[in-house]
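**Student:** One-letter residues, chain by chain:
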Amino acid sequence: MLETPLSAVALIPILAFATAPATDAPEFKGPSILDFFPPAIFFDGNEFFEMNRIMLLRLVIVSLIFVLFWLGTRKMQLVPGRFQGTIELGLEFVRKSIVEDLLGQKDGKRFLPLITTMFFLVLFMNLTGIVPGINIAGTSVIGLPLVLAVAAYIAFIWAGLRKHPWTFIRNSLFPPGVPWYLYPIVTPIEFISMFVLRPVTLTLRLLMNMIVGHLLLVLFFSATAFFMVELGGWWIAASAVTLAFGTAFTFFEILVSVLQAYVFALLTTVYIQLALADEH
Amino acid sequence: MLAELIIAADEAPNPLVPAWYDIVYSLIPFILVLLLFWRVVLPRMQKTLDERAALIEGGIEKAESAQAEAKAALEEYNTLLAEARAEAATIREKARAEGGVILAELKEQAQAEAARVTATAQQQIEAERQAALVSLRAEVGTLALDLASGVIGESLADDKRATSLVDRFLADLESDSASSTKAAK
Amino acid sequence: MDANTVLAEINGNIATVGYGLSAIGAGIGVGLVVGKTIESVARQPELQGRLTVLMYIGIAFTEALAFIGIATYFIFTN
Numbered sequence: 000m001l002e003t004p005l006s007a008v009a010l011i012p013i014l015a016f017a018t019a020p021a022t023d024a025p026e027f028k029g030p031s032i033l034d035f036f037p038p039a040i041f042f043d044g045n046e047f048f049e050m051n052r053i054m055l056l057r058l059v060i061v062s063l064i065f066v067l068f069w070l071g072t073r074k075m076q077l078v079p080g081r082f083q084g085t086i087e088l089g090l091e092f093v094r095k096s097i098v099e100d101l102l103g104q105k106d107g108k109r110f111l112p113l114i115t116t117m118f119f120l121v122l123f124m125n126l127t128g129i130v131p132g133i134n135i136a137g138t139s140v141i142g143l144p145l146v147l148a149v150a151a152y153i154a155f156i157w158a159g160l161r162k163h164p165w166t167f168i169r170n171s172l173f174p175p176g177v178p179w180y181l182y183p184i185v186t187p188i189e190f191i192s193m194f195v196l197r198p199v200t201l202t203l204r205l206l207m208n209m210i211v212g213h214l215l216l217v218l219f220f221s222a223t224a225f226f227m228v229e230l231g232g233w234w235i236a237a238s239a240v241t242l243a244f245g246t247a248f249t250f251f252e253i254l255v256s257v258l259q260a261y262v263f264a265l266l267t268t269v270y271i272q273l274a275l276a277d278e279h
Numbered sequence: 000m001l002a003e004l005i006i007a008a009d010e011a012p013n014p015l016v017p018a019w020y021d022i023v024y025s026l027i028p029f030i031l032v033l034l035l036f037w038r039v040v041l042p043r044m045q046k047t048l049d050e051r052a053a054l055i056e057g058g059i060e061k062a063e064s065a066q067a068e069a070k071a072a073l074e075e076y077n078t079l080l081a082e083a084r085a086e087a088a089t090i091r092e093k094a095r096a097e098g099g100v101i102l103a104e105l106k107e108q109a110q111a112e113a114a115r116v117t118a119t120a121q122q123q124i125e126a127e128r129q130a131a132l133v134s135l136r137a138e139v140g141t142l143a144l145d146l147a148s149g150v151i152g153e154s155l156a157d158d159k160r161a162t163s164l165v166d167r168f169l170a171d172l173e174s175d176s177a178s179s180t181k182a183a184k
Numbered sequence: 000m001d002a003n004t005v006l007a008e009i010n011g012n013i014a015t016v017g018y019g020l021s022a023i024g025a026g027i028g029v030g031l032v033v034g035k036t037i038e039s040v041a042r043q044p045e046l047q048g049r050l051t052v053l054m055y056i057g058i059a060f061t062e063a064l065a066f067i068g069i070a071t072y073f074i075f076t077n
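Residue numbers (numbering that gives the first Met the number 0), protein chains in the order written: chain A, 0 to 279; chain B, 0 to 184; chain C, 0 to 77.
Just so you know, the hints here were simulated from the structure itself, not pulled from any lab data. Fair warning: there could be bad hints in the mix.
Lysine to aspartate or glutamate pairs mimicking DMTMM-like chemistry, simulated, CA-CA at most 25 Å apart [said to hold, decoys possible]:
1. A/LYS108 / B/GLU50
2. A/LYS105 / B/ASP49
3. B/LYS46 / A/GLU87
4. B/LYS106 / B/GLU92
5. A/LYS74 / A/GLU87
6. A/LYS95 / B/ASP49
7. B/LYS93 / B/GLU82
8. B/LYS46 / A/GLU189
9. A/LYS74 / B/GLU56
10. A/LYS28 / C/GLU8
11. A/LYS28 / A/GLU46
12. A/LYS74 / B/ASP49
13. A/LYS162 / A/GLU99
14. A/LYS105 / B/GLU56
15. B/LYS93 / B/GLU107
Note that the coordinates shown come from a computational prediction; the quantities given were computed from them, not determined experimentally.
All chains, please: the whole structure from these sequences, using the hints.
**Tutor:** Structure follows, in C-alpha cells:
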C-alpha cells in the first residue's frame, strides 16, 4: 500500500550503497527497527517503568489531549466559537458518523466514550509521526495498539455476552443456518476469525502502518542527507528527488494517520455491532 | 555465525513482543483519556447538545405560536374583508336604486320644466297675438282714415287712378293680415 | 561439480519476498473493493456515505493481510 513504483526508482541509488561492501566509500545507514527502542531516559533498567522518549511522548500527548478537550469544553457556548466548534466537530464526527450510524442511539451511548477515546488517542498518537523533531508515532510501538485492541476485544465480547448471555458464544461458534455437517470446517474458522484474528489484525494494522510510515520517511530523509552531505557533487540532484518523495510521503502519512484512527474506531464499532446483532 | 545472529537478535528487539514498560505506558494514557472523555468531555458535550436542542425546540414552539397568531390575524382580516365587501355591495345596490329614483325624478322635473316652458311660450305668443290684433285694429282705423283722406285729397278726375289706389290698399291690407296670421301661428 | 559450489548468491532477507507476495493479494483486494465502490457510487450517488463506510471496512480487512505479511518476519525470527 505504501510503496509505489516511482518511489522504488528513487531509492535505487541507495540500494547500491546499502549492499556494497563498506570500503572507503561513505556508508549509507538506513533506518532500523532500533528506532522504536530508543535508550531509556528515566528509571533505566526498571522492567515496568523504564521510560524512553516514545513513552515520554505518549504522556505528553495525553496531557495535550487533556488541555485541548478540557479547555475546549470548559465553557461551552450554545453558539460555538471557532475553537469550540473544531472540538465539537471532532466529537460529533465520532458520535454521528461512526457510533450512532452503526449502533443506533441507545447502544451508541454506552460505547461512545470507548470509541471516542480510541479515535482521538490513536489520531493524536499517529500524528506525532510527522511532527518535526519528534518524528515517531506513539502508536508505532506495540504496547498502545495492543492495549487498544484488547480493550476493543473485551468491549465486543462483553457487549455480546450482556445482550445474549446464553447464546452469544454458541451462535458465534456454530452460526445458525449452517448445515450441521459443515460445522467441523466452519467452527474453527469462526473461532480463529472472531477470537484471534480480530484483535491481532486491529493491533497489526495500526502498528505496521505506523512502523512502515516511519521507516519510509526516515529512509527518504536520511537518503537526502546522505546524498547532499556525504556524497555531494552531482548526487545532490538525487537528493532533490528523495526530498520531494519524503515531502509527499509526509502528506501521505497525515492521511494515513487520520484514516487509521478512523478505521480503528470504525472496526471496533463494527465488531460491537456484530456482537449485538440479533442473530446471536 | 550463530553468535552473531544471537547478538543481532539481542540488538534488535522484536517489535511484536511488547515490553512491560510499553504496556504500562500504554495503559496509563488509555485509562486517563478514557476517563477524560467518559466523565468530563462527553457529559459536557451532551449537556450542550441538550441545551441547544431545547433552544431549538423552544424556537420552533415560538415560531408555531407566531404562525398560529398570524393565521388568526389572517382569518380575522379575511372576515373583515368579506364583511367590508358585502357592505360595499349593499351600498352600491342602494346607490344604484337611489340613483334610479333620482334619475326618474330628474326626468320628471325636466319634463315638467319643458312643459312649463312650452306653456309660457304659448301664452306669450297668444299675448303677443292679442297685442298685435289690438294694435292692428287700432291701426286699421287710422289706415282707413288715411286712405279716406288720401282718396279725398286726390283728384278723382281720373277714374283709372282711383281704382288702382283702392286696389293697392286692399292688397296692402291683405298682406298685413297674412303676415299677422303667420306670426300668430 | 562440487555440490557445495555456489552458483549464484542473493543478499538480503527472504522475508522481503514474503512481504512482496502478501502485498500482491492485498493490493488486488483493495483495488477490487475501491473499484466496486466507485462503480456503485456512480450507479447510485445517493448511497455514497454508506458505501464509503463499507469501503473503509472492506479495505481494512483486506489490507490487514499485507500487514500480517510484514509481521510474519518478526513472528518467525524468534
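**Student:** Next step is simple, just say for each hint if it's right about the structure.
**Tutor:** Hint check:
Distance check on the hinted pair: A/LYS108 and B/GLU50 sit about 18 Å apart at the alpha-carbon level, within 25 Å; holds. As the CA atoms of A/LYS105 and B/ASP49 are separated by approximately 16 Å, the hinted pair is consistent with the 25 Å bound. For the given pair, B/LYS46 sits about 12 Å from A/GLU87 by alpha-carbon distance, which is consistent with the 25 Å threshold. Using a Cα cut-off of 25 Å, the hinted pair B/LYS106 and B/GLU92 holds, with the two alpha carbons roughly 21 Å apart.
The straight-line distance between the Cα atoms of A/LYS74 and A/GLU87 is roughly 13 Å, inside the 25 Å bound, and the hint therefore holds. For the given pair, A/LYS95 sits about 15 Å from B/ASP49 by alpha-carbon distance, which is consistent with the 25 Å threshold. Only pairs whose Cα atoms come within 25 Å are accepted, and B/LYS93 paired with B/GLU82 is accepted, the gap being roughly 16 Å. Distance hint between B/LYS46 and A/GLU189 is unfulfilled; the C-alpha atoms sit about 42 Å from each other, more than 25 Å.
Restraint check for A/LYS74 and B/GLU56: the C-alpha separation of about 22 Å stays at or below 25 Å, so the hint holds. The hinted pair formed by A/LYS28 and C/GLU8 meets the criterion: a straight-line CA distance of about 23 Å does not exceed 25 Å. Note on A/LYS28 and A/GLU46: the hinted pairing is violated, with a Cα-Cα distance of about 30 Å set against a maximum of 25 Å. Distance hint between A/LYS74 and B/ASP49 is fulfilled; the C-alpha atoms sit about 15 Å from each other, no more than 25 Å.
Restraint check: the Cα-Cα separation between A/LYS162 and A/GLU99 comes to about 18 Å, which is no more than 25 Å; the hinted pair holds. For the hint linking A/LYS105 to B/GLU56, the alpha-carbon distance of about 21 Å falls within 25 Å, and the restraint holds. Using a Cα cut-off of 25 Å, the hinted pair B/LYS93 and B/GLU107 holds, with the two alpha carbons roughly 21 Å apart.
Violation of the numbered hints given earlier is confined to hints 8 and 11; the remaining hints are satisfied by the structure.
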